Each structure stands twice: as C-alpha cells, then as structure tokens.
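End of the sequence shown sits at 870 in our numbering; the numbers just go up one at a time, nothing left out.
Hints are computed from structural coordinates only; laboratory data are not their basis. Heads up, a few of these hints could be off.
Below, computed lysine-lysine pairings styled on PhoX-like, alpha-carbon distance capped at 25 angstroms [unchecked claim]:
#1 K378 with K55
#2 K864 with K798
#3 K798 with K680
#4 K498 with K55
#5 K830 with K864
#6 K798 with K498
#7 K55 with K290
#8 K4 with K378
#9 K864 with K55
#10 K420 with K627
#11 K712 with K864
#12 K55 with K4
#13 K712 with K627
#14 K55 with K680
#15 K627 with K54
#16 K864 with K764
#17 K54 with K712
#18 K830 with K290
#19 K798 with K420
#20 K54 with K420
#21 K378 with K680
#22 K864 with K420
Since this is a predicted model, take the numbers as computed values, not measurements.
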Amino acid sequence: MQDKLWQRTARAYVEFSYRHPWPPILIFLALGLITLYLGTGLRIETDLRVLLPKKTPSVQALEESERRMGSTDLFTLAIQAPSAEAVAAFQRDAAAALSEWEGVSWVQFDQERGFFEEKALLYMPLGELEDLRGRISDLVGKTFVERNPFLLDLGDDDEDSESQGLQGWPDTLALRRQGLPPDIVAALLAKINTHDNRSPTEETSAPRADAEDPVRPDSLASRLMGWDGSRGAWVGVVLAQLDQPSTNAQFAQGIFEKGEALIRELDPGRYHPEMIARVAGAYRNFSEIKQVNTDMALAGTISFLGVSILLFLFLRRFINFVLVMSPIFIASFWTLGVTYLIYGRLTLLTAFILSLVLGLGIEYSIHLFGRWAEERRKGQHSLEAMVVSLTYTGRALLSGAATNIFAMLSLQAGNFTGFKEYGIVVSLGIAFCLIASWVVIPPLFFLFTRWGTGLERAFQNTDNRVTRSLVGLCRFLLPGESLVSGGKLLPRLRISGKALNRVGYAGLAFTCLLLFTPPAQFENDFRNLRGESTGAGISYGRAVGSGRNTSPSIILGHSVEQMRQVHDSLAARFGSPPDSMLQSFVTISSFVPTEEEQSEKIEVLEEINELLDARALANVDGDTREKLDLLRSYASPRPFDFSDLPEWARRFLTEADGSHGKIGYMYGRLQESDAIESGKFQDRFGTLHSESGPVQVASSGFIYADVVRMVKRDGVYLALATVFFLMIITWVDMRNWRGMASVLGFILLSGFWTYALMGLFGLKLGMFNLVIIPTILSVSVDSVIHMYHRRMELGAGKIGELIHTTGSAVLTGTLTNAFGFAGLCFVNHKGLQTLGYMATLGIASGLVILFTILPWFLERICPKEPVREY
Numbered sequence: 001m002q003d004k005l006w007q008r009t010a011r012a013y014v015e016f017s018y019r020h021p022w023p024p025i026l027i028f029l030a031l032g033l034i035t036l037y038l039g040t041g042l043r044i045e046t047d048l049r050v051l052l053p054k055k056t057p058s059v060q061a062l063e064e065s066e067r068r069m070g071s072t073d074l075f076t077l078a079i080q081a082p083s084a085e086a087v088a089a090f091q092r093d094a095a096a097a098l099s100e101w102e103g104v105s106w107v108q109f110d111q112e113r114g115f116f117e118e119k120a121l122l123y124m125p126l127g128e129l130e131d132l133r134g135r136i137s138d139l140v141g142k143t144f145v146e147r148n149p150f151l152l153d154l155g156d157d158d159e160d161s162e163s164q165g166l167q168g169w170p171d172t173l174a175l176r177r178q179g180l181p182p183d184i185v186a187a188l189l190a191k192i193n194t195h196d197n198r199s200p201t202e203e204t205s206a207p208r209a210d211a212e213d214p215v216r217p218d219s220l221a222s223r224l225m226g227w228d229g230s231r232g233a234w235v236g237v238v239l240a241q242l243d244q245p246s247t248n249a250q251f252a253q254g255i256f257e258k259g260e261a262l263i264r265e266l267d268p269g270r271y272h273p274e275m276i277a278r279v280a281g282a283y284r285n286f287s288e289i290k291q292v293n294t295d296m297a298l299a300g301t302i303s304f305l306g307v308s309i310l311l312f313l314f315l316r317r318f319i320n321f322v323l324v325m326s327p328i329f330i331a332s333f334w335t336l337g338v339t340y341l342i343y344g345r346l347t348l349l350t351a352f353i354l355s356l357v358l359g360l361g362i363e364y365s366i367h368l369f370g371r372w373a374e375e376r377r378k379g380q381h382s383l384e385a386m387v388v389s390l391t392y393t394g395r396a397l398l399s400g401a402a403t404n405i406f407a408m409l410s411l412q413a414g415n416f417t418g419f420k421e422y423g424i425v426v427s428l429g430i431a432f433c434l435i436a437s438w439v440v441i442p443p444l445f446f447l448f449t450r451w452g453t454g455l456e457r458a459f460q461n462t463d464n465r466v467t468r469s470l471v472g473l474c475r476f477l478l479p480g481e482s483l484v485s486g487g488k489l490l491p492r493l494r495i496s497g498k499a500l501n502r503v504g505y506a507g508l509a510f511t512c513l514l515l516f517t518p519p520a521q522f523e524n525d526f527r528n529l530r531g532e533s534t535g536a537g538i539s540y541g542r543a544v545g546s547g548r549n550t551s552p553s554i555i556l557g558h559s560v561e562q563m564r565q566v567h568d569s570l571a572a573r574f575g576s577p578p579d580s581m582l583q584s585f586v587t588i589s590s591f592v593p594t595e596e597e598q599s600e601k602i603e604v605l606e607e608i609n610e611l612l613d614a615r616a617l618a619n620v621d622g623d624t625r626e627k628l629d630l631l632r633s634y635a636s637p638r639p640f641d642f643s644d645l646p647e648w649a650r651r652f653l654t655e656a657d658g659s660h661g662k663i664g665y666m667y668g669r670l671q672e673s674d675a676i677e678s679g680k681f682q683d684r685f686g687t688l689h690s691e692s693g694p695v696q697v698a699s700s701g702f703i704y705a706d707v708v709r710m711v712k713r714d715g716v717y718l719a720l721a722t723v724f725f726l727m728i729i730t731w732v733d734m735r736n737w738r739g740m741a742s743v744l745g746f747i748l749l750s751g752f753w754t755y756a757l758m759g760l761f762g763l764k765l766g767m768f769n770l771v772i773i774p775t776i777l778s779v780s781v782d783s784v785i786h787m788y789h790r791r792m793e794l795g796a797g798k799i800g801e802l803i804h805t806t807g808s809a810v811l812t813g814t815l816t817n818a819f820g821f822a823g824l825c826f827v828n829h830k831g832l833q834t835l836g837y838m839a840t841l842g843i844a845s846g847l848v849i850l851f852t853i854l855p856w857f858l859e860r861i862c863p864k865e866p867v868r869e870y
C-alpha cells in the first residue's frame with residue numbers, strides 16, 4: 001500500500017514538473033535564498049566549553065568566574081629588545097595609551113614591592129619568626145660565650161649546642177604555605193640571602209641566570225620584565241584587565257586588531273631597531289576562528305574540485321553536472337539557515353558542514369540521475385524514465401538516508417553536547433539533500449531539456465558552420481530529449497564465479513592480517529589538535545612573574561572567611577612531601593594576615609628587636625652582621641589592612657562589583673592542554689574544602705579534561721547506539737535475515753579495517769574524529785543497501801551488471817563522500833585534519849569491502865532468481 005502511494009505521488013509530481021517546471025523551481029530558489037541570507041549570520045565558536053553540557057561543573061565555574069571578574073584572562077602586550085631601557089620606555093607609553101581605552105579596568109606594567117619589603121617580617125609565618133627569635137637568641141648566647149673564655153671551656157663538651165646562626169632561614173617551604181606570590185617571596189629572600197639572587201622557591205621552567213647575563217637597572221627593579229638568555233633580549237609585558245572575556249570571539253578580534261594598531265602607532269623601531277612587540281595571551285584566540293574560516297574555504301574548494309572532476313567522469317555533460325549539483329547547493333542553503341535558527345552558531349565540529357553536505361548528500365542525486373539514464377537507454381520516454389527512477393530508487397534512497405539520519409541521531413544518546421549538535425546539523429543536511437534531489441531535479445531537468453530541444457529544432461535546418469558549432473555547444477550544455485549521456489563510471493565486466501571467490505577470499509585473508517597491526521591510540525593533548533601556532537612568538541612568561549601566567553585557575557569563594565579557610569587547606573598541601581601539582585596560590589590571607597595573626601607576629605618581632613640590640617651581636621662576622629642589620633630595619637612593622645596594599649595588589653583580589661577577598665588564584669605545575677594532566681589536577685583541586693562548604697575552582701584546563709572524559713565515555717555508547725539504529729532501519733527496509741547479515745557483517749568488517757589501519761598508519765582517535773564514526777558507517781551501509789536491492793532485482797550470476805550499473809552510482813556516491821572529507825586532510829587545524837584522515841580512510845576501507853567481499857557474500861546468501869521488491 002505504501003509502495004503504491006509512493007508511486008502515485010512520484011508520478012503526480014513528475015508529470016506536474018514536466019508540464020509546469022517554473023513554479024517549483026522558483027519556490028525552491030526563493031527558499032534557498034532566504035535560508036542563505038539567514039546562514040550568513042552564523043558565527044564559529046571555537047571555545048570548547050560550548051561542546052559540553054551547560055550544567056557541567058567546569059563550565060558553570062568558568063562562567064561564574066567571568067561574571068565575577070569580567071575576564072579570567074589578561075590582555076597582554078609582549079615586548080622584546082636587547083635594551084632594558086627601550087623595553088621600559090615602550091611599556092610606559094603603551095600603558096598610557098591602553099589606559100585611555102574604553103572597557104579597560106586597569107593597566108599594569110610594574111609591580112612595586114616596596115610595601116612588601118617593608119612588611120616582609122610581618123608576612124613571615126609565625127613559626128618562622130619564632131625560629132628567627134631562637135636563632136638570634138642562640139647567636140647572642142654564642143657570641144657572649146666566645147667573648148668569655150671561661151664560659152667557652154664549660155661549653156666544649158656539648159658540640160650539638162653550636163648555633164646554626166641564620167643559615168637556612170627562612171624555610172622556603174613554610175613561605176610557600178603562606179601563599180604569597182612567589183615572585184614577591186623571591187624578592188624578599190633576595191634581600192635576606194644576599195649571596196643568592198635566585199630563591200629556591202622560584203621554581204619555573206626558565207633557565208638559571210648565568211653570570212654573563214646583564215643585570216637589570218635598579219630603576220627598573222619593579223618592572224614586569226625578565227631576561228631571555230636564549231634570545232639575548234629583555235622581555236617585558238603590559239597587562240590590562242578588560243570588561244569582556246577573551247571567549248567573546250567578536251570582542252577578542254576587535255581588541256586584538258586595536259592592540260596591533262596601537263603597536264604600529266607607537267612604532268617599536270623608534271625605541272630600538274631590534275624591538276619586537278606583539279599582542280599576546282588569550283586575546284589572540286580569535287585567530288583560531290580566522291584560521292578555521294580559512295580552513296573551511298580551503299576544504300570546501302578542494303572537496304568541490306574533487307567532486308566536480310569525479311562527477312564529470314560519471315555524468316559526461318555540463319548540464320548533467322548542473323542538474324546533480326543544484327539540489328546540493330539548495331540543500332546546503334537550507335541547512336545553514338535552519339542551523340542558524342536552531343543554534344545561531346557553528347562549533348569546531350560543525351564548522352565544515354558545507355563540505356560534509358557536499359560529500360554526503362550528492363549521492364542521492366547521483367543515484368537518481370544514474371537510474372534515469374539507464375532507463376532512457378532502454379528506450380523509455382524521459383518523463384517515464386524519471387517516474388521509474390524516482391519510484392525504483394525512492395525506497396533505497398529513503399532507506400539509505402534513514403540509515404544516515406538515524407546514525408546521526410544516535411549521537412543524542414550521549415551527554416557530549418558537541419556530538420549532539422553535530423548529529424542534528426548533519427541529519428538536517430542529509431534530509432534536505434534527499435528532499436532536494438526529489439523535488440529539484442525533475443522540474444530543473446525538464447526545463448533544461450526543453451531549452452535544449454528547442455535550440456536543436458531552431459537550428460536543425462541550417463548549414464552555416466558557425467550555427468552548427470552553436471548547435472554542438474548547445475547539445476553539450478543543454479542536451480535535448482534525444483541525447484543521453486552519463487550515468488556510467490565502471491565498464492561492464494565479465495566476472496566468473498571463480499574470480500569472485502578469489503577476490504572474496506583475498507579480502508578475508510587481508511582482514512586476518514590486520515589482526516596483527518598495533519592498536520590505535522587516543523590523542524589527549526589539545527596542543528596536537530590545534531592549527532598552526534597563533535602565539536605571539538615572544539617568550540613572555542618570565543616577565544609575568546615566577547610561578548604565574550596570564551590564565552591561572554580561579555578559586556571562587558563566597559566570603560573572606562571562607563577564602564581564609566581555603567588558604568589554610570591549600571597551605572596544608574605543602575606537607576612533606578608537598579603536592580607535586582601545586583605550584584603556588586594566592587588568596588586574601590596571602591596579602592593581608594588577620595589582625596590576630598599580625599598582633600602575634602608583632603609581639604615576637606618586638607622580642608626580636610630587643611635581641612638585635614644586644615651588645616654581643618657587635619662582634620659577629622660581616623655577612624651575619626649585614627643580615628642582622630637588614631632584619632633590624634624591617635623588625636618594627638606596623639599592622640595594616642587591605643586598603644594599605646599597593647593598588648596593583650588590591651586589583652588582584654577585587655571583583656567586578658568592587659568587593660574583594662572572595663576570590664583567589666591557583667597556579668599548577670602541569671601542561672594544561674594535556675587532558676590527562678588537567679584531569680588529575682581537576683581531581684585534586686577542582687573542588688576545595690572549607691568549613692563553610694565546598695569551593696569551586698574555574699580553569700580552562702578543566703574544560704579540556706571534561707571534553708576528553710565525556711568523549712571517551714560517550715564513544716562506546718554511541719558506537720553501540722549507531723549499530724543498533726542501523727540494524728533497525730535495515731530490518732524495516734529489508735525485512736529478512738539476508739539484508740541484516742549483509743549490513744551487520746559489513747559494519748563489523750568496515751569498523752575493524754578502519755581501526756586497524758589507523759593503528760598501522762599512526763593515526764590517533766580524538767574528540768574530532770570520533771564523531772565521524774557514525775557517518776562512516778551510515779554512508780557505507782547506505783551503499784550496501786543499494787547493492788543488496790539491485791542484487792535481489794537482478795538475480796544470480798549478474799555481478800558484472802550489478803557493478804556496471806548500481807556499482808557505478810555507488811562508487812561515484814562513495815567517492816564523493818570521500819572527497820567531501822578529503823579536503824579536510826589539507827587544512828592547518830590538526831583536529832579537523834585528523835577527522836579528514838579518519839573519514840577518508842574509513843570510507844576507502846568500506847569501498848574496498850563493497851567491491852570485494854560484499855559481492856562474493858551476496859552471491860552466496862541471495863536467491864538465484866530475481867526478486868521484485870516493489
């Protein structure tokens with residue numbers, strides 16, 4: 001009943017299109033233009049958080065940090081030159097210009113430490129001050145004994161009583177527990193440890209300063225500046241807090257271009273001939289969007305050229321090419337427009353949708369045209385040939401499209417939003433391609449053939465050479481009713497049963513060999529999934545400060561008291577041994593000890609002051625005296641509160657609403673782009689504990705970790721869901737065990753070949769290419785369905801005809817699928833590139849199986865006599 005309804009509907013539409021081709025053409029063209037206009041509003045979102053569910057804790061924490069701080073990243077200008085004075089002058093002028101920008105909260109290019117040096121001993125942990133008091137007391141006693149020989153003799157027997165003096169004080173681990181920024185700690189210790197300009201706490205990846213390295217002028221001691229020995233240049237930064245985050249791509253692009261314009265206006269060459277200045281840091285991220293746009297254009301161009309060459313070989317005439325391609329362009333416009341209405345954007349996984357639609361959707365038009373050409377060669381009128389084509393390919397096309405669509409919709413079974421959106425967008429593209437091939441080709445075809453026939457009749461009775469050439473050109477461009485070209489790609493082959501057996505057994509033998517290939521690995525480092533470097537090319541990390549960067553993890557407390565509790569919790573992590581992944585942390589307690597703590601410390605410092613006035617210390621050695629004099633100058637600090645801090649330090653802990661002390665910063669010792677390392681750091685520090693309740697931590701590294709965790713977890717379920725849906729669609733279409741066995745066997749073989757060959761060629765699985773697995777399987781299963789139905793229609797012993805007819809369409813459609821992805825193999829973005837490699841390899845594997853093992857298998861399980869399924 002359903003088949004008869006489809007036949008009546010197909011005939012009615014084809015006959016209407018034959019009589020009135022213009023109305024449907026104009027309707028679909030108008031819809032295409034409207035949706036194309038909507039599609040131009042699509043933006044590309046490269047922020048990986050949009051690929052995760054909105055309720056993911058790491059996403060919520062990052063969004064909260066942006067609400068509270070405006071931006072978790074700092075706009076950074078990096079400067080490099082051999083002259084420290086030149087770098088300093090550029091910093092000053094650039095900071096003055098940045099301060100005038102709208103949306104800039106503050107600008108910083110120095111970090112005055114005078115306040116912290118003055119309060120140095122008040123920042124020391126109480127235990128360290130008590131230790132200092134004891135050491136000085138011992139030193140006083142020892143000196144007194146040394147000045148009295150009689151007392152010295154009495155103390156000879158107690159060798160262990162020898163004072164250590166100030167050697168080894170203060171304990172660097174205790175200072176790390178205090179949570180003061182490491183670069184400030186380093187500056188304080190440099191005052192005390194005069195013989196060592198570098199503190200043991202300054203644990204960075206930067207090399208130690210050599211004796212030949214230049215010394216920074218005292219006038220620039222507070223500047224955010226460092227020496228890069230590998231390049232023989234000073235590196236400085238200017239930091240700015242903006243009111244919008246770097247994840248806002250449009251804002252990031254505007255601010256990046258504004259920064260580059262500022263650099264050009266200042267003209268670094270005026271400060272030093274070798275000076276380089278760049279916009280650095282997170283606000284360069286929009287460059288990835290620009291690169292993806294370029295990659296999309298490149299991939300689309302390569303895919304279009306490959307498909308065009310293949311189609312010309314299959315179709316043989318320009319008009320046939322236009323006929324087959326027109327529905328694809330219309331469907332692409334519809335897909336872009338509807339995607340805009342649903343999502344308003346594209347992600348890294350859906351950015352290449354045009355290449356995907358081109359590759360996946362064109363096979364419907366190819367099969368439709370191929371069957372029409374076949375019927376016309378049998379002598380059918382073009383109208384009847386179109387009815388037969390639409391009727392007899394309709395079920396196979398619908399089944400093939402359904403396998404693709406349901407395979408894509410199986411992605412909804414997981415939690416990963418990136419996969420879900422990809423599934424929806426691709427399903428729309430496939431559905432629109434199928435519909436467009438059915439409704440666009442008939443009227444367009446009849447319109448073109450009518451034009452071609454009319455031109456032939458108009459010039460058929462002329463002997464003019466120019467006119468005859470014109471007629472020949474018209475026949476090439478607009479063939480009439482009498483000319484049928486195209487629809488064949490493979491020659492008619494004579495394939496014996498023995499040859500078919502040999503090919504089938506060879507395919508099975510190759511499958512056995514693949515069992516010994518190494519397994520494919522998973523790519524966890526997102527550095528290997530990005531495009532070409534979009535960095536500034538200046539190693540500015542040493543200028544930012546020891547143990548810091550411009551993208552720290554943000555501790556999101558809810559009160560000052562809670563943050564002090566978190567501080568104590570983090571301080572406990574610096575045990576024996578300290579946590580290997582925690583580099584440093586900064587909270588309100590780091591900058592402003594409580595009144596109680598300050599009072600206790602001041603009491604100890606008063607006792608230390610009394611000891612420092614002891615006469616006995618007048619005779620200590622020169623180095624010790626120098627340290628004692630320094631301690632004496634710092635031993636009488638007055639208590640202070642948040643308002644006494646330098647402006648840059650107050651900004652560090654102040655939120656967008658003006659409140660302060662409720663946020664903190666944490667710097668980890670890890671490669672943030674490595675999802676495994678970020679996952680370990682997230683497990684340890686993603687949620688911090690306090691007496692007032694749990695405290696969330698925001699970090700872009702946690703996004704990496706959650707993406708990979710979710711992709712790995714969903715990958716297994718999605719593969720099973722895809723196979724399940726494919727088998728259901730196969731059963732609904734074929735309703736017998738033969739079809740089910742053909743499809744299931746093909747899925748298992750194709751999936752195994754792809755996985756084994758990836759391991760053999762060193763290709764890795766990852767976030768980008770896992771999403772393509774349902775596409776590879778559904779595309780190939782679509783071809784299996786076409787081959788199976790035509791084998792049932794032809795009967796046994798006609799594999800050569802099967803390959804010549806349906807095989808030609810299957811080969812063309814499958815190769816166009818491959819070309820749709822092949823363009824991605826040439827892009828710069830490594831993630832999209834791996835997707836192209838895997839898709840091309842998977843489709844190629846399926847294609848080999850289609851023409852080797854599958855025909856052999858079909859001959860063995862299908863009935864010998866032809867079976868009419870309609």
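Each hint tested on the structure:
With a C-alpha separation of about 61 angstroms, the suggested pairing of K378 with K55 is violated against the 25 angstroms cut-off. Pair hint K864 plus K798 holds up; C-alpha atoms about 10 angstroms apart against a cutoff of 25 angstroms. A threshold of 25 angstroms between alpha carbons decides the hint, and for K798 with K680 the separation of about 60 angstroms lies outside it, so the pair is violated. This hinted pair does not check out: K498 and K55 have alpha carbons roughly 60 angstroms apart, beyond 25 angstroms.
Distance check on the hinted pair: K830 and K864 sit about 49 angstroms apart at the alpha-carbon level, beyond 25 angstroms; violated. With a C-alpha separation of about 14 angstroms, the suggested pair K798 and K498 falls inside the 25 angstroms cut-off, and the hint holds. In summary, the hint linking K55 to K290 is not supported, as the alpha carbons are separated by about 29 angstroms, beyond the 25 angstroms threshold. Straight-line distance between C-alpha atoms of K4 and K378 comes to about 24 angstroms, which keeps the hinted pair within the 25 angstroms bound.
For the hint linking K864 to K55, the alpha-carbon distance of about 57 angstroms lies beyond 25 angstroms, and the restraint is violated. Of the pairs offered as hints, the one joining K420 and K627 is violated, with about 65 angstroms between alpha carbons and a cut-off of 25 angstroms exceeded. Between K712 and K864 the CA atoms are separated by roughly 45 angstroms; this puts the pair beyond 25 angstroms, and the hint is violated. Under the criterion of a C-alpha separation no larger than 25 angstroms, the hint pairing K55 with K4 is inconsistent with the structure, at around 49 angstroms.
Between K712 and K627 the CA atoms are separated by roughly 57 angstroms; this puts the pair beyond 25 angstroms, and the hint is violated. Between K55 and K680, the direct Cα distance comes to roughly 21 angstroms. Compliance with the 25 angstroms bound is thereby established for this hinted pair. Taken as a hint, the K627 and K54 pair is broken in the structure, with Cα atoms around 56 angstroms apart against an allowance of 25 angstroms. Taking the CA atoms of K864 and K764, the gap is near 44 angstroms; set against the 25 angstroms cutoff, the hint is violated.
At most 25 angstroms may separate the alpha-carbon atoms for a hinted pair to count; K54 and K712 meet this at roughly 19 angstroms. For the hint pairing K830 with K290, the CA-to-CA distance comes to about 15 angstroms; that is within 25 angstroms, so the pair holds. For the hint linking K798 to K420, the alpha-carbon distance of about 42 angstroms lies beyond 25 angstroms, and the restraint is violated. The hinted pair formed by K54 and K420 meets the criterion: a straight-line CA distance of about 13 angstroms does not exceed 25 angstroms.
At most 25 angstroms may separate the alpha-carbon atoms for a hinted pair to count; K378 and K680 exceed this at roughly 68 angstroms. The suggested pairing of K864 with K420 is violated, with an alpha-carbon distance near 43 angstroms, which exceeds 25 angstroms.
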